[in-house]
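> Protein chains in written order, with this note's numbering: chain A, 1 to 33; chain B, 1 to 167.
Please note that the accuracy of each hint is not assured.
What the hints assert, rightly or not - Residues on chain B that point at chain A, a partial pick, calculated with CB under 7 angstroms:
no.: 1; residue: Tyr25
no.: 2; residue: Met28
no.: 3; residue: Val94
no.: 4; residue: Trp100
no.: 5; residue: Ile150
no.: 6; residue: Pro151
Worth flagging that the hints you see were computed from the coordinates, not collected in a lab.
Using N, Cα and C, we set each Cβ at its ideal position, and we do this for glycine too.
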Amino acid sequence: MKTPFDTATGTIALGMLLTLVLFLIARWLVLGG
Amino acid sequence: MDQIIDFLLRWVHFFGGIIWVGHNYASMIQRPAFRPPSREDLGDEQSPVYMTLLGREHGTFRYAAIVTWLTGVGMLWQRGVLLDAVSLNGYQAVIGIGFWIGTLMLANLWLVLWPNQKKVLGFAPAPLEERVRCARITFLSSRTNTMLSIPLLFFMAASQHGTALFV
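Given the sequences, and given the hints that come with them, work out the whole structure.
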């Protein structure tokens with residue numbers, strides 16, 4: 001089964017998306033929820 | 001003295017991290033798509049594909065990962081913010097998320113990739129079918145760490161230079 005990990009672009013895109021999600025969570029944590 | 005220790009830990013942390021994640025990036029450039037090893041290749045210890053797999057296997061990056069993790073934890077401990085970081089408390093949540101991503105990557109490397117890689121290479125006994133299946137798992141495990149390194153670098157940088165992002 002093909003996954004986004006099967007291309008470099010897919011891997012990097014997932015990493016960027018994860019970065020955005022985690023950044024929003026971190027911002028929420030730092031700013032006190 | 002504290003600053004010198006912090007500096008030395010940071011230097012080794014960067015160096016270890018580049019060796020570790022550099023292997024992941026090199027793998028992505030050299031082998032952008034998964035090419036499953038054939039049963040013939042894995043079954044013949046003299047085959048060029050098997051020899052290449054063996055040549056590629058060296059513990060350097062696995063131990064670099066441990067050094068990177070330890071120096072990262074050492075820096076947090078030395079600055080007295082380890083507990084705040086681990087518990088995602090206040091601004092330390094920024095490097096804390098980095099800590100948890102790095103810990104996940106270390107666990108992925110040692111507990112998922114390596115046990116499967118040992119089977120692929122024949123270091124651990126496994127039927128041929130399973131060795132071929134494990135090759136796919138090691139590929140996905142490696143790519144997972146490549147993906148995780150992207151937010152990890154973001155949080156490393158943001159913890160020191162990204163205060164403007166959190167106001």
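> Hint by hint, note whether the structure agrees.
Now for the hints, and whether the structure bears them out:
1. Tyr25: Violated - the Cβ of Tyr25 (chain B) stays beyond 7 angstroms from chain A, reaching only about 9 angstroms at its closest.
2. Met28: Given a least distance of 5 angstroms, the restraint on Met28 (chain B) holds.
3. Val94: Holds, because the Cβ-Cβ distance from Val94 (chain B) to chain A comes to roughly 5 angstroms (cut-off 7 angstroms).
4. Trp100: Violated. Min distance 10 angstroms.
5. Ile150: 3 angstroms, holds
6. Pro151: Result: holds, 4 angstroms to nearest chain A Cβ.
When held up to the earlier numbered hints, the structure conflicts with 1, 4 and fits the remainder.
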